[in-house]
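Enquirer: Note that the protein sequences, when read in sequence, are chains A and B. When you line the first sequence up against my numbering, it's residues 1 to 146, in that order. When you line the second sequence up against my numbering, it's residues 1001 to 1164, in that order.
What the hints contain is simulated information worked out from the structure, not anything from laboratory work. Bear in mind the structure is a predicted one, so any value in this text is a computation, not a measurement. Just so you know, even glycine gets a beta-carbon here, dropped at the ideal spot from N, CA and C. Be a bit skeptical, because a hint or two may be false.
Unchecked claim - As a list, the in silico DSS-like pairs of lysine-lysine whose alpha-carbon atoms are at most 30 Å apart:
hint	chain 1	residue 1	chain 2	residue 2
1	A	K87	A	K43
2	B	K1100	A	K73
3	A	K80	B	K1100
What the hints assert, rightly or not - Computed footprint of chain B on chain A, listed as stretches where at least three residues anywhere in the stretch have a Cβ under 8 Å from a Cβ of chain B:
hint	region
4	52-63
5	74-84
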Amino acid sequence: MKKLAQQYGFLFLLLFSVTIHAQVKQEPWTESQLMATQELADKINEPGKDKPLIINIGPQAVIKGSVDVGPGKENTNIEKLDKTLSKVDKNRQVVIYCGCCPFEKCPNIRPAFNELKELGFTNAKLLNIPRNIKVDWIDKGYPVTE
Amino acid sequence: MLLFALVYGYSAAAQKNEIKVGIVAPEISLPTPQGKIVALSSLRGNLVLIDFWATWCAPCVQEQPELKKLYNTYNESLKKGKKLEIYGVSLDSKKPAWEKAIQKLDLKWTQVSDLKFWTSPVAQTYSLEGIPYNVLVDGNGYIVALNLHGKELENFVKASLEEK
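Kindly produce the complete structure, drawing on both the sequences and the hints.
Expert: And the structure:
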């Protein structure tokens, strides 16, 4: 009986880890394609530093110097994203952000990031905003649009 | 003395935005979709649910039919002068989306917004860290509960309006 429980336990663990693995794998970005908020804030604040192209794909462009494309869940905004990027060097660093909600609830980041990949941007980043743009950016005193 | 003043000043500043049960709900005064400024305090005398939401927040939108049910049940006064009012504060940034959602969801209660997304001063005043979030305010303007949803919210409203 004990052995059986152990076997089932193992099976459960195996299934559990496979599920987690599958969930992680489903995201269009990799861990290294996430950019920390502090890193972006430093890039914006440091004069003369090679600035990335920062694009808002959420409800409002909050980050200083960012281009406002609008929520990535809407096809018209993905078209706007294409247009914004049409003359941009594919090797330039492009950072997209939303910040409406935690990643798992955000409807905008996935379509937009997939589009960046499809367009062939080699240095595409997603700003790592675990909760929202208020808690993880505004409240930290990072640069916002006037 | 200076140190005392400094420390006192600092702690007062730190506590300024603490939203908790027992304090008077900070005033909110924002425009409706029609542009009319409606103050939270204008709803005094009722049990008021301040609902912080936005059309871009899926769980917030999902909750609206539940709030509607609650509103339909308890907006009718159960005892003299006491009923439920809802003060919907939206963190939307685009007016058309906000207006369309109110219409589509058929929300009859007060709706206000400065259309400033997470940069809205009200998000600072109420120390919002995520939405959906709500605050329940009694007839005298005091906060009586924070962030209740589903059955918990329903039970609280029921108990508040049926007591005594």
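Enquirer: Closer than 8 Å, Cβ to Cβ, for at least three residues: run that test on the region 74-84 of chain A against chain B and report holds or violated.
Expert: Per the Cβ count (0), the hint is violated.
Enquirer: Holds or violated: K80/A and K1100/B, Cα atoms, limit 30 Å.
Expert: Cα-Cα ~22 Å, so holds.
Enquirer: So if I understand the rule, the pair passes when the alpha-carbon distance is 30 Å or less; does K87/A with K43/A pass?
Expert: Since the Cα atoms of K87/A and K43/A sit roughly 22 Å apart, the hinted pair holds (cutoff 30 Å).
Enquirer: Check the hint pairing K1100/B with K73/A against an upper bound of 30 Å on the C-alpha distance.
Expert: holds, 17 Å
Enquirer: Quick check: do three or more residues in the region 52-63 of chain A have a beta carbon closer than 8 Å to a beta carbon of chain B?
Expert: Since three or more residues must qualify, the claim that chain B covers the region 52-63 of chain A holds, with 4 doing so at under 8 Å.
Taken one by one, the earlier hints fail for this structure only at number 5.
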